[in-house]
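For chain A, the structure is supplied; the task is to place chain B with the ligands on it using the hints.
Note that the protein sequences, when read in sequence, are chains A and B.
For the first sequence, position 609 (counting from the first letter as 1) is numbered 609 according to the numbering used here, and the numbering increases by one without interruption.
For the second sequence, position 127 (counting from the first letter as 1) is numbered 1127 according to the numbering used here, and the numbering increases by one without interruption.
There could be a bad hint or two in this list.
20 Å max Cα-Cα, derived EDC-like pairs, lysine to aspartate or glutamate [as the list claims (entries may be wrong)]:
| hint | chain 1 | residue 1 | chain 2 | residue 2 |
| --- | --- | --- | --- | --- |
| 1 | A | K5 | B | D1092 |
| 2 | A | K9 | B | D1092 |
| 3 | A | K146 | A | D92 |
| 4 | A | K10 | B | D1092 |
| 5 | A | K93 | A | E676 |
| 6 | A | K699 | B | D1122 |
If you are wondering where the hints come from, they were derived from the structure by calculation, not from laboratory data.
Residue strings, one per chain:
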Amino acid sequence: MKDFKVVGKKVRRVDALGKVTGQARYAADLADPHMLYGAVLRASLSHARVVSIDVSQAVSFPGVEAVLTAADVPGRNRFGTMIPNQRVLADDKVRFRGDGLAVVAARSAREAARALSGIRVQLEPLSAVFSPEEAMKRGAPGIHGKSNIFVHHKVRKGRIADGFRRADVILRRTYTTALIEHAYLEPEAVMARPDGEGGVLVEGCVQNMYTTRRGLSTVLRLPLAKIRVVQTTVGGSFGGKDEVMTVLAARAAMLALRTGRPVQMVNSREESFHESYKRHPYVMEYRIGAKKNGRLTALEVRMVANAGAYATTTPFVVWRSVVQCAGPYVVPHVKADAYGVYTNTVYTGAMRGFGSPQGNFGIELLMDELAGELGMDPLDLRILNGIRTGSRTATGQKLDQPVAFIETLERSARSINWKRRREELDGQPRNARRRKGIGMAASYRGCALGAEGTDAAGAVVSVQTDGSVIVWSGIAEVGQGYYTVIAQITAEVLGVNLADVTVLPYDTAIMSDSGPSVASRSTMLGGTATRRAAGRVRRKMLAEARLILRTKAKSMDLERGWVVSSGGQRRMRIRDLAAACFERGVALFEFGWYKGPDIHWDEQRGRGSPYFTYVYGTNMAEVEVDQETGEVRVLQFVSAHDVGRVVNPQGVLGQIYGGVAMGLGYGLLEEVEEREGRLVTENFDEYLIPTSLDMPQMKAVMVENPDRHGPYGAKSVGEPTTEIAAPAVVNAICHATGQRVRDLPANLERVLLGKKLVRT
Amino acid sequence: MYICLTVNGKPVNVTVHPGRRLVDVLRMDLGLTGTKIGCEQGECGACTVLLDGRAVNSCLVLMSQVEGREVLTIEGLTDDGELHALQQAFVDTGAVQCGFCSPGFLMSAYALLSRNPHPSRDEIVEAVTGNLCRCTGYRKIFQAIERVAGCVAARTEEQ
Ligand code: FES
Ligand code: FES
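Bound conformation, chain A alone (with noise of 0.2 Å):
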């Protein structure tokens, strides 16, 4: 393979300069002379319905300029992907206490926030449930339909009861994971300005332009083309910046419309954790069967996911979880089932992992148990059961592109020295105050949107006459290095300088819709995208150099800014052969466009090859845990990741650290709080997120399997690194302790309380 000049190499981010300087525009910088600040009342019930509001106090309050609610919706007051059942502002009912009541713009903060004051409610108190098992009972209430079970996906393969006859080894569990917030640093935050013809322009931090657009689309009755929304810098968003961006621009652009001046909404992060949505919190329930010699049988899997108020990515998200339920093992027979059920509580959606730090959380803490069980070394159990190139997965797929998923198993125990640690961690004296253990969870993950949607994407390359090089892509930014990413693709491919390279931010008026900047996909979609809109500027260039040039020769090539013959002679400035195509009437400016390979899915029959490639990964960790405070320290911690290919490597690196960061929260930490759908946890004071003193030692391990659909062999890396966290450190406790921990987040009480449980 020829050798790389700029992907693979380790090069800074195209965007960090606005970020250390704070020239950076986050959307709560914008401001506008002109423009009006909006306020949300929330409801004060969790399931109510709504008999009256009246504002014609609220609207002769000092500095108010308007105050809308329902009624005034210009279209139709329901958004979401498939089940669209959202609101902008609550209408029949108030399905939980995040739900907006009424909005009002007014020239200062201070005179919106007061406004609100003025508004009068009138709620009829309906009986709420907070819990699926409540809300799943017959005669329950009703928050939608009937029934609140909205979501019903399964697996099957084999025969269920065959595998678990062969069985030596039967073993069931149930494993609980908690309500968890996105966290984002950056509190939601939009600009909406009329455009002066109908229109409405959008500025914020929006994950999932083309999302938004077409909610605010179904909002405010207008043409797709009517509405434009330009990404702000963004500060964080891991999944979260969907829907709840919906809502705030929709809020804010029909203000904005109401009253012609700009309109900005930005939440404080108390409403940020009471309006935005979280991480579903699953209740699974397993049984696994084994032979004596630790091969597995057969998996039986029961998932819950409590949805909340509204169902927006919830059909997805428990798609997914039942999909991965085997994790990265061969078992036979699987039959699985995964619920999504709404309830009177804050709703859930995606968040990076998407359903699969719920599963895999049960079943890497299952594979430990049936490890102890068996007698095994849970590494041995796993490499015995662990998939392989061409080995079936739960769903029935063949695995027919190189699978590394033992290489992640092996370089992380040789770098941890899993056998000699475990072996000596096992020789601590039983009745030490601090024991140490060691621990690890494994994850197989299929790349991109897979069976939940088209996945296609677009870019334009755009080569300026001196040169360089403007880059659009139709997927967003959000903190993760996607534009250095794509900025690295185009210079290799144009031969130009990364620094030659702007990537303009991400804008709906530019580029064709390229669906949401989720699930991993970024790179592997929008990166090809962009390979191939440059590569279709490069042969035009070619062609013309070699007009100019007088030759035929086919192997010349863009290096390093120059046009280069096949002897790597230099024969003309990059520079001046952009020029020339110029004054030749020659335009360099490409759209790429990729669609993911097909795939398949048997809704029916629950099988079938629902993503068309796959990422692997290892996560072990040490951690100590003090015995008498249930305090636990994770010492050392090696994160191994089959990334496809590297293309920026401290793009990876960071995606890595981060990710693992995030799963220790997960792990360790990290609990939304709701008392009868009122949240106790509403800012980091009460919410507690891993801070630089709870970060390990870390290693990172890049297993590069390059696969033919990614650009340059690249897959993902966003999710896969914070997907496992959670069971390793889990796992570490337990060996520490002899003491299972079996719910989510293993925080103090729930270490120590292990130590009275009796083992089962």
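Relative to the frame of chain A, chain B with the ligands by itself:
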């Protein structure tokens, strides 16, 4: 209330309500939006600025407290367009992802290095405990600060 203070080396006079927060005056009245708001509770450190050389959360500082004092914000760290060594190190090391936390971390790091030019890893970790970052896992932020502090620890641990 009429308040005189120094912001990024320049004298500034403002007429404000004494109960307004420093962060709001910086962002809204002076247009210095590099200082971010993440929690308004003193928990996240996104609003960190230097007040007479000490790192403070500007969301907890009232205008009545800053009369005659010196404020340094992220915008003041750049000298005539030249990046400060810390800023350069953050860029070079990859300590920046979404960047929302970066100004706060830079100000905390700047305060640390001005009182202790050669801190240990532990001292660095300690100095930024008040700054939250959700993207980076902190690791590269420590390395960036170490690089400027000229620590031996600036060795690349990961590879
Ligand atoms: S905004 Fe001041 S500490 Fe968070
Ligand atoms: S870089 Fe995003 S919060 Fe730190």
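Against the structure, the hints:
1. A:K5 to B:D1092: Given pair A:K5, B:D1092 holds - Cα atoms ~18 Å apart, limit 20 Å.
2. A:K9 to B:D1092: Holds. A:K9 to B:D1092 sits at ~13 Å (cutoff 20 Å).
3. A:K146 to A:D92: 15 Å, holds
4. A:K10 to B:D1092: 10 Å, holds
5. A:K93 to A:E676: 18 Å, holds
6. A:K699 to B:D1122: Holds: A:K699 and B:D1122 sit about 19 Å apart, inside 20 Å.
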